[in-house]
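Generate the whole structure from the sequences, applying the supplied hints.
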Amino acid sequence: MTERPEGPPRPYLNFVPDYVKDSIGKWVTHKMQEGGIIEHIDSRGKKVYTVKAASTPNGRYSTITMRQITALARKYAGATMRFTQGLNMEFIVGSLEKAKALKQELKELGFPVGGWKEHLWSLTSCAGYFHCALAATDAPSVIQNIANSLSRYFDEEELPAKLTIAGSGCPSSCGGSFLTDISINGIHTEIPVITENVKNCDLQGTAFTCPVGAIQLKTLPDGGKTIEIRESLCIGCGLCVGACGGIIFQTPEKTDGHAISIGGKASASRYGTTLGRIVVPFIPNEPPHYEKTIRVVETIVETWKKDAKKGERIADWVDRIGWEKFFEKSGLPFYPQSMDYLDIRGITTLRDGSGR
Amino acid sequence: MTERPEGPPRPYLNFVPDYVKDSIGKWVTHKMQEGGIIEHIDSRGKKVYTVKAASTPNGRYSTITMRQITALARKYAGATMRFTQGLNMEFIVGSLEKAKALKQELKELGFPVGGWKEHLWSLTSCAGYFHCALAATDAPSVIQNIANSLSRYFDEEELPAKLTIAGSGCPSSCGGSFLTDISINGIHTEIPVITENVKNCDLQGTAFTCPVGAIQLKTLPDGGKTIEIRESLCIGCGLCVGACGGIIFQTPEKTDGHAISIGGKASASRYGTTLGRIVVPFIPNEPPHYEKTIRVVETIVETWKKDAKKGERIADWVDRIGWEKFFEKSGLPFYPQSMDYLDIRGITTLRDGSGR
Amino acid sequence: MTEVPEEVKKGREIVKEIERGSWPNFLKEAEKTRYPVDLYGASLYLKRDLFTTGGYVSVPGAPTGILMRVTSRPDIGESTNVVRVLLPSGNFITSDMMDKFCDFADKFGVGMVHALSTGQNVEIPGIPKDRIREFVTEFRDAGLEIGSTGDAFRNTTTCVGATLCEYANMDTMGMRDEFYDKFNDYAKYPTFPHKMKLKISGCPLDCARTTQKADIGVVGSWVGAPIVDNKMISSMPKEKVDAIVNSCPTLAISRENGGISIKGEDCIQCMKCLRNGEGAIKPGDKKTFLIYVGGKLRGKKGPLTSKLLMRVDTKEEVMEKLEKIVEAFTDHAARKERLGDLIFRIGMKGLLELLEMKLQALNVKDLRTNVFYPVSEEERQEIANDLAGRGK
Amino acid sequence: MTEVPEEVKKGREIVKEIERGSWPNFLKEAEKTRYPVDLYGASLYLKRDLFTTGGYVSVPGAPTGILMRVTSRPDIGESTNVVRVLLPSGNFITSDMMDKFCDFADKFGVGMVHALSTGQNVEIPGIPKDRIREFVTEFRDAGLEIGSTGDAFRNTTTCVGATLCEYANMDTMGMRDEFYDKFNDYAKYPTFPHKMKLKISGCPLDCARTTQKADIGVVGSWVGAPIVDNKMISSMPKEKVDAIVNSCPTLAISRENGGISIKGEDCIQCMKCLRNGEGAIKPGDKKTFLIYVGGKLRGKKGPLTSKLLMRVDTKEEVMEKLEKIVEAFTDHAARKERLGDLIFRIGMKGLLELLEMKLQALNVKDLRTNVFYPVSEEERQEIANDLAGRGK
Ligand code: SRM
Ligand code: SRM
Ligand code: SRM
Ligand code: SRM
Ligand code: SF4
Ligand code: SF4
Ligand code: SF4
Ligand code: SF4
Ligand code: SF4
Ligand code: SF4
Ligand code: SF4
Ligand code: SF4
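Chains as they are written, first to last, in the working numbering: chain A, 1 to 356; chain B, 1001 to 1356; chain C, 2001 to 2392; chain D, 3001 to 3392.
None of these hints come from the bench; they were simulated from the model.
Keep in mind that this is a model prediction, so the values were computed, not measured.
All C-beta atoms, glycine included, are put in the ideal place defined by N, C-alpha and C.
Treat each hint with caution, since some may be false.
Stated by the list, open to error - Pair by pair, the computed Cβ-Cβ distance ranges are:
{"#": "1", "chain 1": "C", "residue 1": "Val-2057", "chain 2": "B", "residue 2": "Glu-1118", "range": "45 to 51 Å"}
{"#": "2", "chain 1": "D", "residue 1": "Thr-3330", "chain 2": "B", "residue 2": "Val-1193", "range": "38 to 44 Å"}
{"#": "3", "chain 1": "B", "residue 1": "Gly-1110", "chain 2": "C", "residue 2": "Leu-2251", "range": "46 to 52 Å"}
{"#": "4", "chain 1": "C", "residue 1": "Leu-2251", "chain 2": "A", "residue 2": "Lys-31", "range": "28 to 34 Å"}
{"#": "5", "chain 1": "A", "residue 1": "Ser-43", "chain 2": "D", "residue 2": "Lys-3016", "range": "49 to 55 Å"}
{"#": "6", "chain 1": "D", "residue 1": "Thr-3314", "chain 2": "B", "residue 2": "Glu-1231", "range": "33 to 39 Å"}
{"#": "7", "chain 1": "D", "residue 1": "His-3332", "chain 2": "B", "residue 2": "Val-1193", "range": "30 to 36 Å"}
{"#": "8", "chain 1": "C", "residue 1": "Leu-2251", "chain 2": "B", "residue 2": "Glu-1158", "range": "24 to 30 Å"}
{"#": "9", "chain 1": "D", "residue 1": "Thr-3330", "chain 2": "B", "residue 2": "Glu-1118", "range": "43 to 49 Å"}
{"#": "10", "chain 1": "C", "residue 1": "Asp-2386", "chain 2": "D", "residue 2": "Glu-3003", "range": "39 to 45 Å"}
Below is the structure:
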């Protein structure tokens, strides 16, 4: 047996560029240089530059392209690079000239450089049909279309504030939907049914899969076992369908789709962390270009851009004007599913603050 | 049969002073004159004056006193007067001189005049032990003590903003507690028990009384009927105890008391209508002077006065600083009952606005 | 002479203590009447309520009933049943009327009046059970009205509104009069699952607390921007105008050549600028009535603030909708379920269905944070159609 | 030559459409690999997912398992199982390491790398089932580590923290390293009721989204006022300083002789002034770690943001508490119940009891609006004692 690492490679110092090491913990400020380049200044006046480039919406690359990117990291960035929370690429470079040259090469390779401050920061997506068994909507292709439609906000036009977009193929929300300023959330709207193929599945295991315990084991007259779904409990998450070939959605092409939510954000600034709110409860899947979805997203961005004060994230903006005016101003129709299931309480709450 | 009015006396014009009638609907502005006197100005420049005097906390008067008050209305206010939402007396007077003279006479009768703008506006209380069958705490005597302790804020010292105080003897909240900036809310902390006297009660009627359906009819082995209380459902409201002499709280002298809530307000200004929040879940009843209660109320008022910005109601102030800092700054201990039973959701909500 | 029980002696000491202090004192008042102060004192000493309810006794002329109060210590103090009296709108009481109340209180009661109850009625306590019929007859013969009990409309209350206040968007007192002209039966006969309360405020400052303690609340308001007198504004000191501009929660107000300008589409009628404007800013011209539903304090679920049901343009529509709400309530609420609890149970959407209305954004305080809701085939179709119609 | 099925033909047309546009394109990338684009295209045409799960296959060296992906149309495209790779902290990848990933992807997979997953791992898709053991052995021999699957700690993620960011109150990347030094077993062996995620942000701007999608979140912060360089402030234009003063949500900042002064007791560390301060305002000196619990996105109840559990002063205390939380979770969560859902079920108070802690004001977002809670005899006594102790 050879010596094997336990856990991820570490210590991290082995992987950061040398010229960053002695500035760690000593940074005092940063300055946005041209789009996508941040100048970081440490307490002794030393500077390094981070260059941020956009990624594919779901982070999939051919090794051919990835090797080209690696080569750029070797050439400009101390032979190391990182990926951000927003799935973007980030290179740490020792001088502004190098940073600019790197930016140029990245753009030539097809990767926009930008995405800080009052811009589109990131678009992220889960695996969707591309790799996953649970998708109600193909988040990657939806997000790819949104990216095309909004790309100018990444590196050219300004927005009122930061904008993040995420898409997930199903309620598991692997793409980070609900968390971002605008999210695409896959949703099944039918209850799965059980076919005779269910006999090939691990019944006990399938029952455990269900997050709400809607799947019950049953004994058949002939002594055999099967399972039943209690419709009143089922939240349509689709986990059982992914887990057992004998459980199926009958007409996903009609009943699957996605909801759009807005106003998620994590940052403590202003009122603190908050989840996205459903503004459109269902849009059917219409590849390749998902026109309806794109129109809704564009409408939200345009309305926000026109109406928000500088510095207002979507959540802050809606918080100021209220939901009624959001629907008025955007012209989006309002559907009853959007109502908070707890709103019926009529209990009004004080505004939340972060860390309170 | 004599002609009888159906419903309250009307039209209302029969009851307002003559010199107000042709200004109705034409008011353009008002000005605070000296404490407790508002000058109302109509579109033609005509002025009338309202004089507001404090009442007893629960609005109870001897006919002797009431006849003296009526006499003042005859002398100064067109032989009519009104009572406000805050249970105060209001007289509408034709000139500032008369208003001042009335104010003087009211004060001599023992009724402070004041209570507008950044002052204590009103103290209200339900019937409590004084008249009601359901009281867990004697709201009138508690509020009487609070009135004594805070009286200077009605007509002398300023506060950051409007202050209203209400007390109710039980969760029915007849006094308007929960609605006001500071509220005293009577609370039973034991589950009532059934004694043999229950046989004298209207069992079906008693069962209906229970708001949560915790009372069940039972048939006894001998064929007789009785009732049972399902403890897990009972919210301790005490309605059944008031309704049937055979249901009793065993040791109300130990288990009854009151909670204190803060931050209720109805006005749309700032974030709109909101209910009070429980900051102290239980204080035992300690007549005559309820020292613990008074200390808590004084602490809240003092902390608010010291810390709030001008114009901030208690709700606005807490909204700005957060609950953690409220407890820090006031030094009040925090008890787990104060937590919102829905807060466990961890779902953060956007701020509420009025009329949204 | 009979022996004075210990609790009465101790109770008297407690009462004396409570009578101290400068504020108008209900016990000093009670001492001037025949109210059983000893009973009250004893309850304070014993720390327990010494009354039980006798329920409501329905008598001719007062079908919703008179509130019976039974002493559990007749040795110390008497039962003290109470009659609740409906007042003219705005709680205006002429001196003559108040004197009559006092006369009745002296003749039938204990010489005490309760002015006002928190429900904005006068009460006359201490009427012996056996004199109630007599009281009611004489009282009504004198042109006065008893009410506000039972499972019916309790007293409808209003702020003073247009009668005295420049913020008023409507004649609140007049609307109350009309309510009784039209719906007195609702108030008089106890046919509801539980009590109902209607409250009316002339503007969103909501002096009548309609948004907190009314099953049905009506608030006068307007649509769009308030009306600004920029002549007056320009003559104000700069800080004053700054305060007006900065206090708007939706940032609807901006400076404009020495004056201010208000963006109507952003105004939420919060009244802040009107309050700060010292007469230079008035409610807008396009009046509207906000109808709120479901406020109440106890019920089954504890305090609930009300929810905005809709905006209507005319008083007539308010009255129509009111009737519909009452119908939905009487048909669908469980026994002893307040409207707010019915809404809690069936959802705002459920109530709207009963009223044959559709849920709108204005009904909603916050939106959902998960996708675990049903979407029917028709709904999928409807949404697809709506969104397809949207211009490119 | 076999006939191309209709759905593949139509699927290819759809794929071509999606490949249009300027943004980096995952399909253009996929076309350069052996990934089954036809299968994907067909699923878009059919509007249904064409994979089913094959569960996790546990192999030596990767006890939490490798994710199996089974095609439901083997005639069109192959199964595409995926290996998830743990990266160095901060997701720093040297060019050598990335080249190795590419080598493995070429040799075992379809020539594709997934960089990054939303859980901040690299994935190598397309490993045939029968080569997984071989892959794992070779991969680990090359010094690389597989993980982040199963009912164990998924990848611990951090923001870049002190390594690049002046807002950092701690060395987030170092803390992650320490986590794996100490708790690698939690990550390696699937012994939990459901997955757990730990995320770490260096400051309350929360770039790692710890407050949204971490079962346990750690945020570096401080107590009291930020540190102000008033020399820099006084040299700023007035509007800039006004903006700093006005943007503080708690109004903790005031002007003071040309500079500003911050009231420490009012600061909630929202970072607004630091963001506006252009280096003139820094996090305070008195560092603290905020521990959040219960964030997650699906579970049983849908998305839940996390709740503040406590503030601690040292990294050691963070680690201790983490262990306790894990214990409480493993002992008390139901199968497939995330920590957030456990808290939903037993309440924050319930969780704190399991941790032998008391509920404090900092745990609470909002307070209760009704009195329908139990108060035990001891609690009554405790409250009475506490309040009696309060000075006159
Ligand atoms: C790189 C990244 C962290 C990481 O280690 O991955 C990051 C790093 C920084 N963030 Fe962030 N944020 C990063 C994702 C986030 C996220 C999470 C996300 O976007 O998914 C958040 C919280 C979520 C949210 O949107 O609320 C986040 C909220 C912020 C904020 C507050 C923004 C706000 O509107 O409230 C700032 C401050 C600002 O922009 O002025 C900020 C500022 C910064 C700065 C620019 C501050 C600085 O330079 O001193 C950091 C730059 C360090 C650098 O050069 O790498 N960072 N930042 C992430 C880049 C994501 C991307 O590719 O787009
Ligand atoms: C008389 C009264 C209505 C009535 O018909 O009974 C009343 C009448 C006025 N209110 Fe009120 N408010 C009255 C109870 C209320 C209530 C309910 C309560 O206190 O129980 C509220 C809403 C509850 C709340 O506290 O949020 C209320 C919220 C306001 C506000 C908003 C205050 C705020 O801080 O948001 C104003 C505006 C102001 O004070 O600048 C206001 C202002 C006014 C003014 C002064 C406006 C004016 O003059 O144009 C009205 C005076 C008319 C007059 O001279 O009679 N009135 N006002 C009530 C007197 C209560 C008392 O005796 O203290
Ligand atoms: C007299 C009054 C308090 C006062 O001292 O001023 C009062 C007194 C009583 N209320 Fe009330 N309520 C009074 C206003 C209120 C209010 C405030 C308001 O209307 O503005 C409320 C809260 C608002 C609301 O309706 O939610 C209120 C909510 C209740 C409730 C809770 C109803 C519910 O389930 O939601 C009860 C109990 C019940 O009806 O089952 C109740 C029951 C009672 C009874 C009848 C209890 C009883 O049977 O013993 C009390 C009689 C006390 C007595 O012997 O004098 N009272 N009651 C108020 C007279 C109102 C009127 O004139 O019409
Ligand atoms: C690869 C990844 C998406 C991506 O394209 O980047 C992913 C992919 C899957 N997730 Fe996820 N999740 C991924 C991040 C997330 C995140 C985001 C995060 O961690 O930051 C979440 C939401 C946060 C959270 O944990 O709440 C997430 C919440 C889930 C859930 C919901 C768990 C729950 O009950 O709360 C499932 C379903 C489950 O575990 O039962 C799930 C299950 C899955 C499965 C394994 C479903 C399945 O068995 O088919 C997906 C495999 C897709 C595939 O074949 O490639 N995935 N998953 C992400 C890998 C994370 C990693 O590297 O460790
Ligand atoms: S969100 Fe759903 S569809 Fe997307 S990767 Fe996760 S489990 Fe699969
Ligand atoms: S769809 Fe989800 S909730 Fe419904 S039965 Fe399947 S696993 Fe359970
Ligand atoms: S609040 Fe309770 S104690 Fe007070 S009057 Fe109403 S029912 Fe009686
Ligand atoms: S106290 Fe209230 S909730 Fe409990 S049984 Fe009696 S009526 Fe029902
Ligand atoms: S609610 Fe409005 S209209 Fe009515 S009295 Fe109050 S301020 Fe005036
Ligand atoms: S009423 Fe309120 S929202 Fe409307 S302009 Fe005035 S301050 Fe702004
Ligand atoms: S969370 Fe704070 S410390 Fe970490 S990268 Fe973001 S801004 Fe910097
Ligand atoms: S960090 Fe936020 S709360 Fe603290 S002083 Fe700065 S702006 Fe105010």
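Taking the hints in turn, this is what the structure says about them:
no.	hint	result
1	C:Val-2057 x B:Glu-1118: 45 to 51 Å	holds (46 Å)
2	D:Thr-3330 x B:Val-1193: 38 to 44 Å	holds (42 Å)
3	B:Gly-1110 x C:Leu-2251: 46 to 52 Å	holds (48 Å)
4	C:Leu-2251 x A:Lys-31: 28 to 34 Å	holds (30 Å)
5	A:Ser-43 x D:Lys-3016: 49 to 55 Å	holds (54 Å)
6	D:Thr-3314 x B:Glu-1231: 33 to 39 Å	violated (45 Å)
7	D:His-3332 x B:Val-1193: 30 to 36 Å	holds (34 Å)
8	C:Leu-2251 x B:Glu-1158: 24 to 30 Å	holds (29 Å)
9	D:Thr-3330 x B:Glu-1118: 43 to 49 Å	violated (55 Å)
10	C:Asp-2386 x D:Glu-3003: 39 to 45 Å	holds (41 Å)
Checked against the numbered hints given earlier, the structure breaks hints 6 and 9 and satisfies all the rest.
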